[in-house]
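Participant: Residues per chain are reported as follows:
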Amino acid sequence: MIKEAIKIQGTKEGLVIVLEEDVDIELLKEKIVNRIEKSLNFFQGATLTVRVKSLNIKEENLEKLKDFILDKYGIEVQIKNFQEKHIKNVTDDEIFNGLEEGITKFHKGTVRSGQVVKYHGNLVILGDVNPGGLVQAAGNIVVLGTLRGIAHAGFTGNKDAVIVASSLRAMQLRIANVISRSPDKEDANDYPEVAVVKRGKIIVKPLYHLNDLW
Amino acid sequence: MSESIVITSGKGGVGKTTSTANIGTYLAMKGYKVALVDTDIGLRNLDVVMGLENRIVYDIVDVVEGQCRLKQALIKDKRFDGLYLLPAAQTRDKSAVTPEQMQKLISDLKEEFDYILVDCPAGIEQGFKNAIAGADRAIVITTPEVSAVRDADRIIGLLEASDLHDPLLVINRIKMDMVKRGDMMDIEDIIDILAIDLLGVIPDDENIIISSNRGEPIVTDEKSLAGQAYRNLVERLLGNDVPLINLDVGNGFMGRLKRLFKMA
Ligand SMILES: Nc1ncnc2c1ncn2[C@@H]1O[C@H](COP(=O)(O)OP(=O)(O)OP(=O)(O)O)[C@@H](O)[C@H]1O
Ligand SMILES: [Mg+2]
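Line order of the protein sequences matches chains E and U. My numbering numbers the first residue of the first sequence as 1 and each following residue consecutively. My numbering numbers the first residue of the second sequence as 1 and each following residue consecutively.
Read the hints as simulated data drawn from the structure, not as lab findings. Be aware that one or more of the hints could be misleading.
As the list claims (entries may be wrong) - Within a straight-line C-alpha distance of at most 30 Å, the following computed DSSO-like cross-link-like pairs (lysine-lysine) qualify: (1) 64/E / 104/U; (2) 104/U / 30/U; (3) 76/U / 29/E; (4) 76/U / 198/E; (5) 33/U / 185/E.
Unchecked claim - Computed footprint of chain U on chain E, listed as stretches where at least three residues anywhere in the stretch have a Cβ under 8 Å from a Cβ of chain U: (6) 101-115; (7) 152-166; (8) 172-183.
What the hints assert, rightly or not - Not everything, but these chain U residues come out facing chain E in the computed CB check (under 7 Å): (9) 42; (10) 45; (11) 53; (12) 55; (13) 67; (14) 68; (15) 72; (16) 91.
Every residue, glycine too, gets a C-beta built ideally from N, C-alpha and C.
Extracted from the complex, chain E is given alone in its bound form (with noise of 0.2 Å):
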């Protein structure tokens, strides 16, 4: 049996490109632009990983093939080197999963610019998230108070993650890997709203709309 030459395979890492020996580069190149076209959304502002197996890879094709990722999709590459245990799937305790129930910490005050709150778990802010200041968190993120600076939710991979605030105001909100910014002319909301991920894009709703979104 002909062993593969190029695997591509989706991990937490994002994706990861095995290599197994020198292929050529215009090939590999196809492959990948199937694969990220095929799930554009996915990767956007994400990392992908390309983990080489094979020894006589010429250096200079991998970085031929960063530039004409990063110029064609934005999407920044790192060579890592290969190791068996990156080529399994995320595993569930990999990612964290108690979102309808788990560990959550609940941070009093406010989060002022330069602080970063950051727990594997969900996260609760007593208080405001100023601009400059981040939250991050495995799981949910809840602001009581309001919410202007940025927001990451499922930084470990989880999709399913939300972000609720009294009043959402985020310069950016992130889920798992998924950006969005805020838009430059700013209508902000006086009442309580969550955002989610769907279809690969982060939206945002009214807290009341919640049959709309779960």
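Got chain E sorted already, so can you dock chain U with the ligands onto it with the hints?
Facilitator: Then chain U with the ligands, alone, in the frame of chain E:
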């Protein structure tokens, strides 16, 4: 040929960030490729003044640490082609970058850009040393206050000690009515003390604050006097002979200014 210029002052709050944004924007309006680099790690502002805060994903620290590539961290301006911002990190401090890393960064930027403008933090410590590391030239900003001029003088000395010779002076926040009353430190006195070439004089104008809050540099406003002052300043930076605009301060004062520019 590309050039890197650091905008510095010693004293805080005298208009470094405002000037970086306006000078860079007008250079881009004139068709140059410009990179604005915010080195005020931990207290970044330039992204806000440029109205690009919501686009930041990667920053200067990510670049020097190799978390992303330079191209990825550069934010394209929303108005002008060829204008890019490399934001500072907000959750780190000045020690996250070294002068050697800055030198490398600036030389990488030079391959892509005509002008690299570096917005320097206040002070004379590590942030200042980082900001001047890759600079070919320096612009020193002061206001017409004794304390700001003292600090500018200190900075000019430090620049010279780092082999950054012949910095250019910008006097910011000149108040017309105070000058008329004779209550403001005289431009001639400032130049007398600092003994460097005057690049421009910017009037004190509340519209600068309004435009900064909106994220739209004043230089884009054709009718603004402060905008005109920045446009003229850039022309002089490019080596063009432009007289100081009449800041409405009377003949005696203008006459002295003109003599400074040897055009009386
Ligand atoms: N010519 C001017 N007229 C009126 N306001 C001005 C003028 N120049 C600057 N300002 C205002 O002064 C404040 C400080 O300006 P800026 O942030 O550019 O200074 P800075 O030197 O970068 O400060 P820092 O040392 O904190 O980095 C801002 O609010 C700005 O809008
Ligand atoms: Mg500043």
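Participant: Confirm or reject each hint.
Facilitator: Evaluated hints:
{"no.": "1", "hint": "64/E / 104/U", "result": "holds, 22 Å"}
{"no.": "2", "hint": "104/U / 30/U", "result": "holds, 27 Å"}
{"no.": "3", "hint": "76/U / 29/E", "result": "holds, 27 Å"}
{"no.": "4", "hint": "76/U / 198/E", "result": "holds, 27 Å"}
{"no.": "5", "hint": "33/U / 185/E", "result": "holds, 27 Å"}
{"no.": "6", "hint": "101-115", "result": "holds (count 3)"}
{"no.": "7", "hint": "152-166", "result": "violated (count 0)"}
{"no.": "8", "hint": "172-183", "result": "holds (count 4)"}
{"no.": "9", "hint": "42", "result": "holds, 6 Å"}
{"no.": "10", "hint": "45", "result": "violated, 10 Å"}
{"no.": "11", "hint": "53", "result": "holds, 6 Å"}
{"no.": "12", "hint": "55", "result": "holds, 6 Å"}
{"no.": "13", "hint": "67", "result": "violated, 9 Å"}
{"no.": "14", "hint": "68", "result": "holds, 6 Å"}
{"no.": "15", "hint": "72", "result": "holds, 5 Å"}
{"no.": "16", "hint": "91", "result": "holds, 5 Å"}
Going through the hint list in order, the structure does not satisfy hints 7, 10, 13.
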